[in-house]
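A.B. asks: My request is simple: use the sequences and hints to build the entire structure.
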Amino acid sequence: MFLKFLFYISAFLTVFGAISVVVTRNLIHSCVYLLFSLIGVAGLYLTLNAEFIAATQLVVYVGGIVVLLLFAIMLTGGSNLKVLVNKFGLESTPLMGNLKTYIFAALSGLVLAAVLIKILFSSLLKSSTVSNNFFTTVEDVGVKLLTDHILAFELSSVLLLGALVGAAIIARPQRSTEVEE
Amino acid sequence: MNQTIVSYIEHLTDKQFGFGITVALFFLAVFLLVNVMAIIGGLGTYAERKISADIQMRQGPNRVGPYGILQFLADGVKMIMKEDIIPTQADKLIFTIAPLLCLSGVLASLAVLPISSGFTLSDLNVGIFYLLGVTSLVGVGVFLGGYASNSKWAMLGGMRGASQIISYEVPVTLTILMMVMLAGGLSLNTLISGQTALPHGWYIFHNPFSFIGFFIYFIGALAETNRAPFDLPEAESELVSGYHTEYSGMRFAFFALAEYIEVFVVCAVATALFLGGYKVPFNVGGDGPIGQILQLVIFFSKSFALYYVVIWVRWTLPRLRVDHLMVICWKYLTPIALFNLVGATLWVYLFEGRSIYLILKHFAEAHMVGGGH
Chain A
0 MFLKFLFYIS
10 AFLTVFGAIS
20 VVVTRNLIHS
30 CVYLLFSLIG
40 VAGLYLTLNA
50 EFIAATQLVV
60 YVGGIVVLLL
70 FAIMLTGGSN
80 LKVLVNKFGL
90 ESTPLMGNLK
100 TYIFAALSGL
110 VLAAVLIKIL
120 FSSLLKSSTV
130 SNNFFTTVED
140 VGVKLLTDHI
150 LAFELSSVLL
160 LGALVGAAII
170 ARPQRSTEVE
180 E
Chain B
0 MNQTIVSYIE
10 HLTDKQFGFG
20 ITVALFFLAV
30 FLLVNVMAII
40 GGLGTYAERK
50 ISADIQMRQG
60 PNRVGPYGIL
70 QFLADGVKMI
80 MKEDIIPTQA
90 DKLIFTIAPL
100 LCLSGVLASL
110 AVLPISSGFT
120 LSDLNVGIFY
130 LLGVTSLVGV
140 GVFLGGYASN
150 SKWAMLGGMR
160 GASQIISYEV
170 PVTLTILMMV
180 MLAGGLSLNT
190 LISGQTALPH
200 GWYIFHNPFS
210 FIGFFIYFIG
220 ALAETNRAPF
230 DLPEAESELV
240 SGYHTEYSGM
250 RFAFFALAEY
260 IEVFVVCAVA
270 TALFLGGYKV
280 PFNVGGDGPI
290 GQILQLVIFF
300 SKSFALYYVV
310 IWVRWTLPRL
320 RVDHLMVICW
330 KYLTPIALFN
340 LVGATLWVYL
350 FEGRSIYLIL
360 KHFAEAHMVG
370 GGH
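Line by line, the protein sequences are chains A and B.
For the first sequence, the positions run 0 to 180 when numbering that gives the first Met the number 0 is used.
For the second sequence, the positions run 0 to 372 when numbering that gives the first Met the number 0 is used.
Just so you know, the hints here were simulated from the structure itself, not pulled from any lab data.
Ideal Cβ placement from N, Cα and C applies to all residues, glycine included.
Just so you know, not all the hints are guaranteed correct.
Some chain B residues close to chain A (C-beta under 8 angstroms, calculated; not the full set) [to be verified]: (1) Ile93; (2) Ile96; (3) Leu99; (4) Leu120; (5) Asn124; (6) Val125; (7) Tyr129; (8) Leu131; (9) Gly132; (10) Val133; (11) Gly138; (12) Val139; (13) Ile289.
C.D. replies: Rendered as structure tokens:
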């Protein structure tokens, strides 16, 4: 009963947010809608009893990714897109691509649609709702990460360390070259 | 272990409630908690003025009610009656949504606040992690509020606020991770149940690293709530009043209320993580109603003591410069927090999780036995 409410609210938030991200013209607005969509996804995780992943979703996406996107948009000044008119008199926004990008987009869209249809079709044929009785606790996640998936865990930590060192090098004031010159 | 307040009441009265009554009880508890927190936020502004007045040898508000204690109600009436101004050049959608994001982020964090062993709205098994997630909405709200106002001051304040909140989340999260490792669980009730009521069992005195960790957490929490000496986002001598320069009336009040409630929340979390939480000495009153009331008193008095320190710091220390702020975070607090984390790991491994009190007691007993020979 309660889970159903939660599911409907978060599903509405996710879908409404995702559509608004695409439809709206203002980049900052679409970033805010993305925020709602991501919060909706966290709610969907909660309906599946995956509390840890829901909290991770909030910490990583709401606290990190969305703020990063906002900073990026604001520093590049992309918020004021002007409406342009193409040679056919239709409205077009800049950076929407040319023929090549459209072909790539159409192809990847077709592949994605095929995958989605395949998944949806099999679940529609069975038409059975699997009752989930996982109780994924944090302990289980931690034990799995450090035993079965230790390679992925270590590799991702190396990746993050590399990103950190790279960021430090980019941000470092170039004192040594000044001294040499 | 009680999962929610409703299950505690069920446990107390030996009844099983249906769906309707459960929802009604839960709604009642939420209503109560949010209103109490709003009053605490309001009284926070009163306390701020009164304590600052005390420090500066002034009177402070003393006209409305006894000792001026109803000043916050008068302020609230003033805020509601004010004209609600939205600048014409502002981004209206974001301008209206930003204060709500701030306030909802703070109010969502109340869901896991362990006020007493019974009165916890919901004891999530990822409690402290959830709290970190929802309070990060405040940063987004501050940033969007600053951006949407379309004013240079507000923009600068919002950018400073967002970068400061993100940066200081790193040492705070590392310190919380250390405490989680000591307690062996993310749930706030687990974190409290590892401590005792009297100071020798508090996590702050568990080992040297957690003692340092408390101060790192407190400094980071001051910065995350944009309180002085880290109140650069609203530095009035540089930025008029920062990210809420263009806000008036209730929208401004939402920002202010969010700030004061968040200060209380971080003080409460510090109480729960380091200072023994709601534990009553010698377990007076047990788990019944009297025990719950004693736990509430203990928890609130510890939190208010920290609240006093926050206000005291604000009116004592001058503001930092913006680059010094980042230097403190990235060059001092973060390395110390990392060192702390490694040190606490070694401590837990070497001494099998025993606190320094237990180790000293062990040595003292061994010495006494040795002296008897």
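A.B. asks: Determine for every hint whether it applies to the structure shown.
C.D. replies: Quick rundown of the hints versus the structure:
Restraint check, Ile93 of chain B versus chain A: the minimum CB separation of about 6 angstroms is within 8 angstroms; hint holds. A hinted interface residue such as Ile96 of chain B counts as satisfied when its beta carbon comes closer than 8 angstroms to some beta carbon of chain A; here the least separation is about 7 angstroms, so the hint holds. A cut of 8 angstroms between beta carbons decides the hint on Leu99 of chain B: the least distance to chain A is about 11 angstroms, and the hint is violated. Taken as an interface hint, Leu120 of chain B does not check out: its beta carbon lies about 15 angstroms from the nearest beta carbon of chain A, beyond 8 angstroms.
Given hint, Asn124 of chain B at the interface with chain A, holds; its Cβ is 6 angstroms from that chain's nearest Cβ, closer than 8 angstroms. Interface hint at Val125 of chain B: satisfied, since its Cβ lies 5 angstroms from the closest Cβ of chain A, which is below the 8 angstroms cut-off. Because the beta carbon of Tyr129 of chain B sits about 5 angstroms from the nearest beta carbon in chain A, less than 8 angstroms, this interface hint is met. Because the beta carbon of Leu131 of chain B sits about 6 angstroms from the nearest beta carbon in chain A, less than 8 angstroms, this interface hint is met.
Restraint check, Gly132 of chain B versus chain A: the minimum CB separation of about 3 angstroms is within 8 angstroms; hint holds. Taking 8 angstroms as the C-beta cut-off, the interface hint given for Val133 of chain B holds, the closest approach to chain A being about 6 angstroms. Hint on Gly138 of chain B holds. Least Cβ distance to chain A is approximately 6 angstroms, under the 8 angstroms limit. At a threshold of 8 angstroms, the smallest CB-CB gap from Val139 of chain B to chain A is about 6 angstroms, leaving the interface hint in force.
Taken as an interface hint, Ile289 of chain B does not check out: its beta carbon lies about 32 angstroms from the nearest beta carbon of chain A, beyond 8 angstroms.
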